[in-house]
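Take the sequences, apply the hints, and build the full model.
Line order of the protein sequences matches chains A and B.
Once you know that position 196 of the first sequence is 196 in our numbering, the rest is easy, because the numbers rise by one and skip nothing.
Position in the second sequence (first residue = 1) + 1000 = our numbering.
Just so you know, these hints were derived from the structure itself, not from any lab.
In this text, all values refer to a predicted model and were calculated from it rather than measured experimentally.
Ideal Cβ positions, reconstructed from N, Cα and C, are used throughout, including at glycine.
Misleading hints may appear alongside valid ones.
Some chain A residues judged to face chain B by a derived CB distance under 7 Å, without partners named [unchecked claim]:
| id | residue |
| --- | --- |
| 1 | P117 |
| 2 | Y121 |
| 3 | T131 |
Partial pick of chain B residues on the chain A-facing surface, computed with a CB cut under 10 Å [unchecked claim]:
| id | residue |
| --- | --- |
| 4 | G1037 |
| 5 | G1040 |
| 6 | T1170 |
| 7 | K1177 |
| 8 | T1190 |
| 9 | A1199 |
| 10 | I1201 |
| 11 | N1248 |
So these bits of chain A aren't anywhere near chain B, every CB distance computed over 10 Å [stated by the list, open to error]:
| id | residue |
| --- | --- |
| 12 | I37 |
| 13 | D95 |
| 14 | L98 |
| 15 | I127 |
| 16 | A162 |
| 17 | A182 |
Single-letter residue listing:
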Amino acid sequence: MTLALIFEQLLNGLQFGLMLFLMSAGLTLVFGVMGLINLAHGSLYMIGAFFCAVAAGATGNFWLGLAAGMAAAAAAGALIEMLVIRRLYDRDHLDQVLATFALILILSEATKMVFGPFPLYLNAPPILSGTVNLGLVDYPLYRLALIGFGLLVALGLWLLIARTRLGIRIRAGENDREMIAALGVNIRALYTVVFALGAALAGMAGALVGAVQAVQVGMGEPVLILAFVVIVIGGIGSIRGAMVGALLVGVIDTMGRFLLPRAFAVFLDASQASGIGAALASMLIYLLMALVLVLRPKGLFPLHA
Amino acid sequence: MTIRASLCTGLAVLALSGGVAQAGTATVGLITTLSGGGAGIGADVRDGFELALAMSGSDAIHLVIEDDGQRPEQAVQIADRMIQSERADILTGIIFSNLAMAVVPSVTAQDVIYISSNAGPSPLAGAGCHPNYFNAAWQNDMLHEASGAYASEHGMTNTFILAPNYPAGTDALTGFKRRYTGTIAGELYTQLGQTDYAAEIAQIRASGADSVFIFLPGGMGISFMRQYSQSGVDLPVISTAFTVGQDNLPAMGEAAMGVINSGQWSPDLDNAANAAFVAAFREAYGRTPSLYASQSFDTANLILSALAVADVDDHDAFRAALRAADFDSVRGDFAFANNQHPIQDVYIRQVAMVDGEITNRLLGLAIEDYVDVYAAQCPME
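In structure tokens:
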């Protein structure tokens, strides 16, 4: 085990964490502002990836695909908010979970009917293929770009929330929704915009990640589970918490998959160590979540501390 | 229509239906994955089976299809429902070994026949073999063993091996190591359904291996190959038809080009049954069939061949008819070993561009008349 390998794995963890952040930011924003649990967030991620794959395939340009994926996810998000989600704000969380779970099934089947059951082709843009030398290691350029993208989006989101009128409204909505409605803010429009924004972020994550993963029906659900872990760790509703939680999950999951089998290999044979190490590594982030819940039941950065 | 004319029609219909030697009919329950990430494989399993029925022109099989959603508990419920309410005589179609391990033992214990058209977990091939359990595909180790043999014969001496952590994954790595004579540069189990392989690829890069063996079926394989092709690691990849099969190749594109893999079948395997199958499949569904489709097609024809000579309710006679395997397999020679798993040839294939389509072409024979190693532990004669 060399320094170069550890460095590379840290970069991998960082990149994985930043992609999780894109997913969790929308999820936690929607929960913070509207108090809504949206299980269908993973479906918006899938929609982003599928529209990106189709648009990139038709035009031969990945960036047009990325734009199409984000637009499609945002449009789907706005539509879903107006048709379904709007009726759920006053209901309890169980009703929201049931309704948005139904949306997962409907959107997955619809995607299969429109695009077929087979995974789609989507590749990273040629300009970002290959590797770059970072001194210690040759690292894939596309993954480096994903890290840059994730940081850029995090910065943009921070500016949006801290520096713009929309951001003020979002923060106000998180704190006291009746009051801002009473002050004359169109809360319905605000909800639609926030939901579409969260959907666009999910769609962007889907499209970006789709270039290095299988674009297939149901691709959103594993990520959705991780995103929920992230926002529970970070504190539900907190963007800053989502960032910290996503990086923690990304790095711990990657390092666990890397280090645990090696640790067991010290006193077990290679096959056994690999099997047990892999099984334990997959539990690691849930253990982390349990630990955080014991020590800080509202997460690391609770919204209403 | 006059009375005479309708009589004539009636007689003609009788004559026609009498023309097919009709020993009996059977209800076949096809449980497969038709939603989620495995839906493409399931579509091939379903389409291969239905194509065989359509091509035979026989109506001896009443087919019931259900989606297991790739969830073991759901597959068990469907199997029970098919047996109890649909009165299914034969079940088939399950793709994933963890689902097969949940379903098969309870099905065979209820005296219903299960014919696997894909999964072949080792516990069911050895001491756990059962007269009601047939496998028309392979025992899980088989193809991976052929890949191991190929790697050894082609100068690979230090291979990094990788598979998901579930029954077929452990069988795959066990199978690969059985005939592989080199050293193992590293051995990793990943999560089933894992989508990011950056941590694994970094270890491959650092391991000093001269080649990589992977078993990552479905979307896992697409994710791995895409990330591997961008990683700058250019060690040769050896695999099996599950990872770089026709279900995955269009999505993988150039990332999969040149990958060596093993399979008991290939779209260009030269025999009459296969030529007819591939042409009819392309005609009917507009795509080239995968290994999964070929196995399901064979399973349907195996059942039809047994129904033609025996009644499904006469279990002993029907099992004997299945064991005879008197049908034209698209993979060429096919016979059952004592554990009711195939004795068959395994080939080496390579991903290539053929007539503008990315597909596999045959390179040669890897193992002839393969009998899996677990057969010896099976007490059946």
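Evaluation of the provided hints:
no. : hint  : verdict
1   : P117  : holds, 4 Å
2   : Y121  : holds, 5 Å
3   : T131  : holds, 4 Å
4   : G1037 : holds, 5 Å
5   : G1040 : holds, 4 Å
6   : T1170 : holds, 7 Å
7   : K1177 : holds, 9 Å
8   : T1190 : holds, 7 Å
9   : A1199 : holds, 5 Å
10  : I1201 : holds, 9 Å
11  : N1248 : holds, 7 Å
12  : I37   : holds, 22 Å
13  : D95   : holds, 24 Å
14  : L98   : holds, 18 Å
15  : I127  : holds, 13 Å
16  : A162  : holds, 31 Å
17  : A182  : holds, 45 Å
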